[in-house]
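Residues per chain, in single letters:
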Amino acid sequence: MITFEGAAKHYPDGTVAVAGLDLTVESGRTTVFVGPSGSGKTTSLRMVNRMVEPTSGKVLVDGQDVRSQNPAQLRRSIGYVIQQAGLFPHRTVRDNIATVPLLLGWGRGRARARAAELMDLVGLEPSQAKRYPHQLSGGQQQRVGVARALAADPPVLLMDEPFSAVDPVVRTGLQDELLRLQAELHKTVVLVTHDIDEAIRIGDRIAVFRPGGELAQYDTPERLLTHPVDDFVESFIGYDRGVRRLAFFPANGLSLREDVVLDDQDTVERALNTVDTAGEPWALVVDQLRRPLGWVAADRLRREPSGVELGRLDLTAYGHTFDVERDSLRAALDAAVLSPAGRAVGVDADGRVLGVVSQADLGGAIWSVSG
Amino acid sequence: MNAVWDWASGVVDWAVANWSHPGDDERGVWPRLVEHARLAYVSILIGLALALPLGLACVRWTRLYPPVLTGVNVLYAVPSIALFFLMLPYTGFSDWTAIVPLALYTLVILLPNVVDGLRQVPEHVRQAAVAMGFGPLRRLITVETPVALPVIIAGLRVASVATISMVSVASLVGLGGLGQLILSEGFRRQFDAPIVVGIVLTVLLAFATDALLVLAQRLLTPWARSGGRRGRRHRAAVPAGEATDADAGTDPTQTADSGNGARPWTS
Chain A
14 MITFEGAAKH YPDGTVAVAG LDLTVESGRT TVFVGPSGSG KTTSLRMVNR
64 MVEPTSGKVL VDGQDVRSQN PAQLRRSIGY VIQQAGLFPH RTVRDNIATV
114 PLLLGWGRGR ARARAAELMD LVGLEPSQAK RYPHQLSGGQ QQRVGVARAL
164 AADPPVLLMD EPFSAVDPVV RTGLQDELLR LQAELHKTVV LVTHDIDEAI
214 RIGDRIAVFR PGGELAQYDT PERLLTHPVD DFVESFIGYD RGVRRLAFFP
264 ANGLSLREDV VLDDQDTVER ALNTVDTAGE PWALVVDQLR RPLGWVAADR
314 LRREPSGVEL GRLDLTAYGH TFDVERDSLR AALDAAVLSP AGRAVGVDAD
364 GRVLGVVSQA DLGGAIWSVS G
Chain B
1409 MNAVWDWASG VVDWAVANWS HPGDDERGVW PRLVEHARLA YVSILIGLAL
1459 ALPLGLACVR WTRLYPPVLT GVNVLYAVPS IALFFLMLPY TGFSDWTAIV
1509 PLALYTLVIL LPNVVDGLRQ VPEHVRQAAV AMGFGPLRRL ITVETPVALP
1559 VIIAGLRVAS VATISMVSVA SLVGLGGLGQ LILSEGFRRQ FDAPIVVGIV
1609 LTVLLAFATD ALLVLAQRLL TPWARSGGRR GRRHRAAVPA GEATDADAGT
1659 DPTQTADSGN GARPWTS
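Chains A and B, in that order, give the protein sequences.
Heads up, this note's numbering is the position in the first sequence plus 13, with the first residue counted as 1.
Heads up, this note's numbering is the position in the second sequence plus 1408, with the first residue counted as 1.
Worth flagging that the hints you see were computed from the coordinates, not collected in a lab.
Bear in mind that the values here come from a model prediction, so they are computed numbers and not experimental data.
Keep in mind that the hints are not guaranteed to be accurate.
As the list claims (entries may be wrong) - Pairwise CB distance ranges (calculated):
#1 E1531/B x E247/A: 31 to 37 Å
#2 E1531/B x T68/A: 21 to 27 Å
#3 D1618/B x Q141/A: 51 to 57 Å
#4 Y1498/B x N83/A: 31 to 37 Å
#5 R1626/B x G364/A: 52 to 58 Å
Glycine is no exception: its CB is placed at the ideal position from the N, C-alpha and C atoms.
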């Protein structure tokens, strides 16, 4: 547990980096400090390992004031991942990872064995052990940075904008990796970012900082999206917070219509019967493996000869599908909004259609969960 | 062509005949060469030994650097002959008369390289070292100095060649290694063989020393070298002085998953 007790940082020129922070970071969880630049989030993070000393107040790790320990020794017990990885260019990947164990006086053999373990943990190939950092891509460098921070198995891991220097695709991969690692390791992670999406994706708890170094709100991601405390937090989160919040609700609660899903070997006549009975303006045509082929409108069916098989018609593209078991309401809504039929196609893990849901039905479901 | 050939073989003959005089260690080409190398190397080593701590101090206390740099630059503007003569009352005709000024010149050339090299250590690397729990001294010795090494060695190469050529000037005060061949045996006697031998051996000594330093750099900084052959260079970590030989190699297998490692540090 990390406790900030009125921790403040005022610079001699009058700048206030952090204006008295009171906050408790829970053990074993991921806490994200998020805010625009100049909001004191990085300064606050660095108070934990004494890279910044508060001018008043204090920071406690497990009840102990960090200032009661020698800074270098304190830092060896706290993992730190820096923006751009900050790898030592003159040391191999393996020796970079072994940095803290070597500082702690482990033997070289033991430190290298540990480095090999960590390379495996963060998804690096053993063949990369003897490479130098500049021979790796940005994403790989950042993995080495995470491995180095975890090398001495510290209970606390500080991450300062760890993924901001890599491109969006790599960033998403690294975020997934962090979530996977955290599910396994249960470290007390404090991560700083200016990216609210990253915060919501990764954080168990989110601290939103405002310019001037004040804590604006400290809450779970869901509470933050439903109950932003003020205009600043609301605008920082973005005005699509309602839609984003749907990411927290699973799509498996939706009631899907199965009756308007038709086989490509069915005839137009049969299809017309179906849509008229159901009172639906669209039907979805699937192949023999129940994979979606496309939409057909009821009006269109009326103009076609009644004996034609649906598979022979030009169908309207279905856009993208959502996975009923794994995706959220947000994905389902997105699929419905992008579909020309105004309906989303729900599939199982193998891509087989389970049913469809209209925007109107989605609206009802959304209203019931967010009410 | 024959005239040139005869002249050249005359020079070689002179060098062979005068290479050394058994029983008299003071005369001959070989003792001059040894003296030249001794004066140059001792000066370079002392200059390096002074430049390193002074450079470290200038990086640590940034306000120190401008006056120190101005001071050593003024020193560099003093003609070497003048310095050698100025030393005479204090050191007489000992080696120190040559070594003290030459070491100072080495210092002048090396100091900016040491300072620039250390300043070029990327901020995120320095910060990472602090955050990992390196104490200030250990960080300086095991992280910052090694990372600065390519720039420091580049400076050392310039300084050593300059010093080796300048040793000859010390012959005016009776020292100066190969310079003595040029001045006393050649110039004063209007005889060109010793002058040519002196020049050629000075150049060869400079080349050999430079080659040794290149070798030392390859051994000491394998991480800076391997970038040219098989990897993308991490720009932030590459000293400017070394960028020339290394940017050509790009490994196509490493382009996937490529982030930009060279964004400026922002907090």
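Do the hints match the structure? See the list:
{"no.": "1", "hint": "E1531/B x E247/A: 31 to 37 Å", "result": "holds (35 Å)"}
{"no.": "2", "hint": "E1531/B x T68/A: 21 to 27 Å", "result": "holds (23 Å)"}
{"no.": "3", "hint": "D1618/B x Q141/A: 51 to 57 Å", "result": "violated (35 Å)"}
{"no.": "4", "hint": "Y1498/B x N83/A: 31 to 37 Å", "result": "violated (47 Å)"}
{"no.": "5", "hint": "R1626/B x G364/A: 52 to 58 Å", "result": "holds (56 Å)"}
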